[in-house]
Structures are given as structure tokens and as C-alpha cells.
Amino acid sequence: MAESQSLVAHHFSTLEQEHDAETMGMWVFLATEVLFFGGLFSVYTVYRVIFPGAWDAGSRILDLNLGTLNTAVLLGSSLTMALALHAARLGNRRTMVFFLLVTASLGTLFLGVKGFEYYHKYTEHLLPGLGFELPAGMPVQVGLFLRMYFVMTALHAFHLIVGIGLVLVLAVFGWRGKFTPLKHSPVELIGLYWHFVDIVWIFLFPLLYLIDRS
Amino acid sequence: MSHETSSVRTLIFAFLGLMVLLALTVWGSFINVGAWRATVAVVVAIAKALIVMIFFMHLKGGNRLTWAVAGAGFFWLSILLVLTIGDFVTRVALAPVP
Chain W
2 MAESQSLVAH HFSTLEQEHD AETMGMWVFL ATEVLFFGGL FSVYTVYRVI
52 FPGAWDAGSR ILDLNLGTLN TAVLLGSSLT MALALHAARL GNRRTMVFFL
102 LVTASLGTLF LGVKGFEYYH KYTEHLLPGL GFELPAGMPV QVGLFLRMYF
152 VMTALHAFHL IVGIGLVLVL AVFGWRGKFT PLKHSPVELI GLYWHFVDIV
202 WIFLFPLLYL IDRS
Chain H
101 MSHETSSVRT LIFAFLGLMV LLALTVWGSF INVGAWRATV AVVVAIAKAL
151 IVMIFFMHLK GGNRLTWAVA GAGFFWLSIL LVLTIGDFVT RVALAPVP
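Residue numbers (my numbering), protein chains in the order written: chain W, 2 to 215; chain H, 101 to 198.
One or more hints might be untrue.
Said to hold, decoys possible - Below 35 Å or equal to it, Euclidean Cα-Cα: the simulated DSBU-like pairs (lysine-lysine) are: (1) Lys-160(H) with Lys-122(W); (2) Lys-179(W) with Lys-122(W); (3) Lys-160(H) with Lys-115(W); (4) Lys-160(H) with Lys-184(W).
As the list claims (entries may be wrong) - Which bits of chain H does chain W cover? Going by a derived footprint, with three or more residues having C-beta under 8 Å, they are: (5) 122-131; (6) 141-153; (7) 161-167.
Hints are computed from structural coordinates only; laboratory data are not their basis.
Just so it is clear, CB atoms sit at the ideal spot from N, CA and C, and this is done for glycine as well.
Hey, can you work out the whole structure from these sequences and the hints?
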């Protein structure tokens, strides 16, 4: 088969059509992910409506500096992911691989800070299930807040681990020259996934860390 | 392919916009605006999410089908949240008077 024919998968007529189908497929997957996280966000909101005082007290337990740092790190990783795609479109192989590696590193830095926060909560007896003990005078429902915090951030962290793995695979394939300015959908689609994981954190951060600081 | 790519300049401005909003929301959380706290935090988060979707996820240059699918995701999410929260908020109002 000639190279010009093999560029488009056999069940598509044009590259354009193939690209549109791929993009829509990714967005459909992301819509299901929105609902996946949406279930947890609604549980969070219902408990917050019922126990507002405990949610206020719970948010003050979390480390605002580390939370803000992590938000900046993740927003930065979205920028480098977008720059990697930009380089892929221009066919700059080295620049693309560089930005993919920076993206994966920033994701790993986020996980490191998150792990430090988890460990800190463990030493303060605030990790549910492992010697959990609330400080005296705290509403008992703060335990519920912390459980929501750990479940939501852990599910987010899992998505980020998957994302880092995918970005590293992209970097390897990119280094081997598998992507061209005409054909680099994986960079674009995994980029969409990466930005989605960033958006989940954009909502988790204020809802968990910023409820009541005044 | 006809897909326009955001320029590096646009991408960096989008990132700077996100950083400004992050600073704004952290700073704003120290100001007591009472019941509006959550609303302000969520509105800023929505603004950040829109910047990411429009500039980084290229909805700007995307076709209408992509917009429809992305919109459907958030429409379903709003059904989930509005109906669930509407239930719990009105339950309190309807509780019998002791």
C-alpha cells in the first residue's frame, strides 16, 4: 500500500473526517468522566448543605500553601502540554518531546506534593482508617469531610498517574518520529485528557481548600 | 488540516490569565463575603475551566459537534447537581414545625 493511502485509516474517507471522529470520541469519553466525578461532587455538596460548620472547619485543616502551589503546578503542566501539541503541529520533534517530559515532570511534582500532604495528615492522625482521631472540640462530621477529601483527591491522583504514563508513552513514540505535522492525533487526544484532569483539580481546589479562610 | 493552532503568545496569555484567577480566588477566600463565598469560588473556577477548554483544549477552533458533546457533558452534570441539591435544600424548608 502506498504511503498516501495508509495515512488515512481504511474506514475513513479523509484525514479531516478521521480527525473529527477521533476528537468527538475523546470528548464523549470526557463527558462520561465529568459524570463520574459529578457523582462525588454531588455527595460533597449534599453533605456540605447538611453540615456547613463541619465543612468550614474541615477546609481550615488542609494546607492552603501546598494546595495553591499544586494548582499552579498543574496549570503550568497544561501550558506545557499545549506547547507540546503546538510543537507537534509544526513538526518540531525535539521541542515536542521536551515539553512532554516537562509536562510529565510537573505531574509527578504534583503527586509528590500530594503525597507529602497525605503523609502529613497521617502523622496528625487525620487519615481515616489509620489511627484516625479528630482534635478535641471538632465537629464529628469533619471526619466525613476528610473522607470526601481523600476519596476525591485520590481518584484525581489516579487519573493523573494514568495521564503521566500516557504522556511518557507519547514522548517515547515522539522521539522515534511517529508523529508528523499531518498525523499526531495521540498528542492532541491525550492532551485533551490531561487538560480535563487539570479542570477537575480547578474545581477540587476551591471546594476543598477555600471554603472558609476568613 | 484546517485546524487553526493557538499561537504560543495566546497560550502564554491564557496561562497568565489562569494564574491571575488563582491569585484572585486564594486572596478572595480571606475576605468574608458571607453566603456568597461558595458562589464566588465556583464562578472563578468556571472561568478558569473555560479558559482551559477554549484555549488549551482548542474548543475555539473546534467544530460544532465537539461543542455539542462538551456542552452535553455539562448539561447532564447540571441535571445531576441541580435536582440532587434542590431535593436536599427544600427538605429543610418542609420539615415539620416542632
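So, going through the hints one by one against the coordinates:
no.: 1; hint: Lys-160(H) with Lys-122(W); verdict: 41 Å, violated
no.: 2; hint: Lys-179(W) with Lys-122(W); verdict: 44 Å, violated
no.: 3; hint: Lys-160(H) with Lys-115(W); verdict: 32 Å, holds
no.: 4; hint: Lys-160(H) with Lys-184(W); verdict: 20 Å, holds
no.: 5; hint: 122-131; verdict: holds (count 6)
no.: 6; hint: 141-153; verdict: holds (count 8)
no.: 7; hint: 161-167; verdict: holds (count 4)
Checked against the numbered hints given earlier, the structure breaks hints 1, 2 and satisfies all the rest.
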